[in-house]
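**Q** As a plain string of letters, each chain reads:
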Amino acid sequence: MINTSFSRRKFIGAVGAATGAWLARPLMSLANTAPASRVAIGQCHSYATPEVVDALARMFDQLGGLTKLVGGKTVAIKVNLTGGATERIDYQPVGVTHWTHPDVLGATIHLLGKAGARRIRLLESPQATAEPLDEFMLEAGWNPQEFTSAATKVEFENTNYLGWGKKYSHFIVPGGGLMFDSYYLNHSYEDCDVFVSVSKMKEHGTTGMTCSMKNCFGITPCTIYGEKAPKDEPAILPTSGRASLHNGNRQPAAPAPPEINPSSPREGGYRVPRIVVDLVSARPIHLAVLDGIETIAGGEGPWNTKHKLIKPGVLVAGMNCVSTDAVCAEIMGFDPMAARGTAPFETADSMLQLAEQKGLGTRDLKRIEVVGTPISKVRFNIRTA
Amino acid sequence: MNLDSKWVPMKWPCGPLEVARRNKSQTIDTDLKETIEAWGQPATLGLLKGTPINCLIVEWAHGGPEDSGQQQALKPLLEVGRRLGISFVGRIEAKDGLEGAIETGRAAGLSAVLLAGPARESYALPVIQEFPRDKVAWETTSPIFSVTDNVWPGVGLEAMKEDTVMAGPTGAPWVRTNGWFSLLGHELAPGKTLWLDFDPPDSSSLARPAAYGLAVADSEAYAGRWIISLDDKLRAALPKGNPQAMGIWAKLCESIQFFENHREWRTFKTQGVLAVVSDFRGDNAFMSTELLNLITRRHVQYQIIERAQLLSAPTQGLKAIIWVDKDTPSAQQLSKLDTFTRQGGLLITPIYWGPAGVKPYKRDPSIPYNVYNVGKGEMAVPEEGFLDPFQVAGDTHMLVSHRNDLVRLYNPGTMNLLSDIDQSHKKRLIHILNYSSGPASSVVLYVNSKDHLGRIVMPGTKTPLTIHGTAASPGTEFKLPTVADYCALLLEGSNL
Chain A
1 MINTSFSRRK FIGAVGAATG AWLARPLMSL ANTAPASRVA IGQCHSYATP
51 EVVDALARMF DQLGGLTKLV GGKTVAIKVN LTGGATERID YQPVGVTHWT
101 HPDVLGATIH LLGKAGARRI RLLESPQATA EPLDEFMLEA GWNPQEFTSA
151 ATKVEFENTN YLGWGKKYSH FIVPGGGLMF DSYYLNHSYE DCDVFVSVSK
201 MKEHGTTGMT CSMKNCFGIT PCTIYGEKAP KDEPAILPTS GRASLHNGNR
251 QPAAPAPPEI NPSSPREGGY RVPRIVVDLV SARPIHLAVL DGIETIAGGE
301 GPWNTKHKLI KPGVLVAGMN CVSTDAVCAE IMGFDPMAAR GTAPFETADS
351 MLQLAEQKGL GTRDLKRIEV VGTPISKVRF NIRTA
Chain B
1 MNLDSKWVPM KWPCGPLEVA RRNKSQTIDT DLKETIEAWG QPATLGLLKG
51 TPINCLIVEW AHGGPEDSGQ QQALKPLLEV GRRLGISFVG RIEAKDGLEG
101 AIETGRAAGL SAVLLAGPAR ESYALPVIQE FPRDKVAWET TSPIFSVTDN
151 VWPGVGLEAM KEDTVMAGPT GAPWVRTNGW FSLLGHELAP GKTLWLDFDP
201 PDSSSLARPA AYGLAVADSE AYAGRWIISL DDKLRAALPK GNPQAMGIWA
251 KLCESIQFFE NHREWRTFKT QGVLAVVSDF RGDNAFMSTE LLNLITRRHV
301 QYQIIERAQL LSAPTQGLKA IIWVDKDTPS AQQLSKLDTF TRQGGLLITP
351 IYWGPAGVKP YKRDPSIPYN VYNVGKGEMA VPEEGFLDPF QVAGDTHMLV
401 SHRNDLVRLY NPGTMNLLSD IDQSHKKRLI HILNYSSGPA SSVVLYVNSK
451 DHLGRIVMPG TKTPLTIHGT AASPGTEFKL PTVADYCALL LEGSNL
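Chains as they are written, first to last, in my numbering: chain A, 1 to 385; chain B, 1 to 496.
If we strip away everything but chain A, and leave its shape as in the complex, we get (with noise of 0.2 Å):
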């Protein structure tokens, strides 16, 4: 199905700009020269697939291609399927609301291998199981052998438990985090040398929008960081899902430490924003991939109660993770440079804001140069669409 080629020209971009150059640096006051980074706009009417793989190559090409960042490497790419297999809104397939979409997902893949990437892992950690991911892809209705004939050598892992790995791997959130201090992750998320999060572009019922930095929230897995963990070691398999990140009513099993200040408010709103930020600090993004062809307004999954199924057409990519997420707000109609109380974060700390002052990126479009369709042509209002 994923067959298409287009000429690639030479690396321009500022490649991992945001995955280094901040690691040093004090936390506050670091917005005004937290990195900027080029940002691709698409236009994608349908998620027919050659549409789709040229709408993205075109984008990555904008981007400065893809080789000097894949060639030879093995890449992690987490993708964004929330909730459960068969939980669907309304009749919708999963794709055309709250998952990435199948098409948006194997067109990426076909154009790294493309690109030259080694070794393609996709992983995501669905909600309190430890089914091999591609069961859970299968049983949601998906074709698994699409992804894997995609590109040369594509694995899946289920990163909510150790999976095949032998221990977690410790990430340390550098110059210190916002929420916890480190932590402890599937073995995936080390072993690759890229990592990309390829997410729907959507909003978010806790922390207003969620997009490329807001998918990472999922990489945690739920035999530490679940509700049902025990304390003084990971579960074995997962057997919940994450609500107690949101709410603070426990603290992770150990090792994973416990969160700095226990006496900051339990609120996900608070919460949530800080753990996204401390994740991709931690383990930084390296290419951001947004699927806004089709989804929905009102939340982020079946469990909010009011969707409304919706087709901005829109593909949004981008190698520093906070310019990409600040442009899709700016093209869901938010402002990026809001605060907690104005849209989209009316009840959230925003994460935009919290990134940059963590120096991961800049969210002020002023200086994201944005390429390929201009925002104007695809900003839309996600509120009142």
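Hints were generated in silico from the structure; no laboratory data involved. All of these numbers come straight from a predicted model, not from anything done at the bench. Backbone N, C-alpha and C fix where the C-beta goes; we use that ideal spot for every residue, glycine too. There's no promise every hint is true.
[Claimed, not checked] If you want the ones that stay clear, here's a sample from chain A, every Cβ over 10 Å from chain B, calculated:
hint, residue
1, E87
2, R88
3, A130
4, G205
5, I260
[To be verified] DSS-like mimics (lysine-lysine), calculated; alpha carbons at most 27 Å apart, straight line:
hint, chain 1, residue 1, chain 2, residue 2
6, A, K306, B, K479
7, A, K166, B, K450
8, B, K359, A, K167
9, B, K319, B, K135
Chain A is fixed; fit chain B onto it per the hints.
**A** This is chain B only, laid out in the frame that chain A set:
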């Protein structure tokens, strides 16, 4: 008079024996006494007019002083009922004087008697044997046999928090069904009719009636037969013509009539990609029956093969076989299983008995099984044997793989489904059962065939609803209308 597999049975509690039973359990009051009396009156038989209910189960003898009074009191009911074409089955608990009680029953016009446990071969009346679920004498059951200790279908109390359905240990709400047991009955007592004896919850009321339609569907879809049993409040209200009660009764009868109109469905064969092989007896009973219970909840499509029937059982269409028992197969059984594996099937067994020298691999770290390549197929053996049925069910489900799903539900809530096919393989029927107390909406049914036109049938609708499916490779998805407690999708064609 012989036992009639077309009987639609209903409990008809009345007379002095019922009063004595209620006195004993201290559940009687004036109203209930009145109700019991009313149901002993022939006039109450008018409720059955126009319904398919044609067989009433009455208490006949308990071996106590009330027996003769009971038998006297029932005379008018039996006389009128027989004139209306209704058959009566007398339940006898008496150990002593059994033959006398049966003879009295014959003289009074009973068509059969219901006796607990195995019975000797000949009595003055045909016998329907009654067993607790775990003590069925499968080999010697009567042509119709009744089983107690069933569940009232629905969502288990363990899954409810106030009115909200909570997730159960499977990750899915804890559905209570007798379906798997009916399928087991079919396999272990082929050609015989299984009556399921279970009563509505005591908490049932006219305002919140028991799920009678579901009780019918959960029995009939799996080719069992519920002995209809009404709750006290409904039984009290019906003889008085209470409109609310009459409405509940009408809906119940509508459900029964619906399945009576589709009796041919009982000849359809259950489709499965997994065969569960066991003798389902003795030490093997717990693991094998719990496995059936749990994989039903997981929507695994399975067939049951009694171990002794394995050699004659067709394996066409099967993707996997699980041999549950600790006993090793016979040489012939081993040969058949080996052939199945070598031709590409997956064999799941508690210990490895495949060829020596094969190095196992792990399919996934979450599945603690050693997998051996044998011919074109595989043998999967748990690292520590079959210990916990819950674990075995989950692992088996993953080993069989969603890749082989024949049917699947999206937004399944608390639903189950069962795929049947007719002998000619030209009609396929997918039963969909909703165990929730509320209707299920936005449900999508995936079927692995490519027919894009289906008909939805359900109790209460006279004309089938034609629905168009959409391609969802490798099969088709159908958007179902709102499902109250049951509907079925009927597919007809050559691509089934």
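**Q** Take the hints in turn and mark each one as holding or not.
**A** Hints versus structure:
With a least CB separation of 7 Å from chain B, E87(A) falls inside the 10 Å interface cut-off, contrary to its annotation. At roughly 5 Å from the closest C-beta of chain B, the C-beta of R88(A) falls inside 10 Å, breaking its exclusion from the interface. Listed as outside the interface, A130(A) is inconsistent with that label: its C-beta sits roughly 4 Å from the nearest C-beta of chain B, within the 10 Å cut-off. No beta-carbon of chain B comes within 10 Å of the beta-carbon of G205(A); the shortest separation is about 19 Å.
No beta-carbon of chain B comes within 10 Å of the beta-carbon of I260(A); the shortest separation is about 32 Å. Straight-line distance between C-alpha atoms of K306(A) and K479(B) comes to about 21 Å, which keeps the hinted pair within the 27 Å bound. A threshold of 27 Å between alpha carbons decides the hint, and for K166(A) with K450(B) the separation of about 44 Å lies outside it, so the pair is violated. For the proposed pair K359(B) and K167(A), the alpha carbon gap of about 25 Å is at most 27 Å, so the pair holds.
At roughly 32 Å between alpha-carbon atoms, K319(B) and K135(B) are farther apart than 27 Å, so this suggested pair is violated.
Violated hints for the displayed structure, listed by number in ascending order: 1, 2, 3, 7 and 9.
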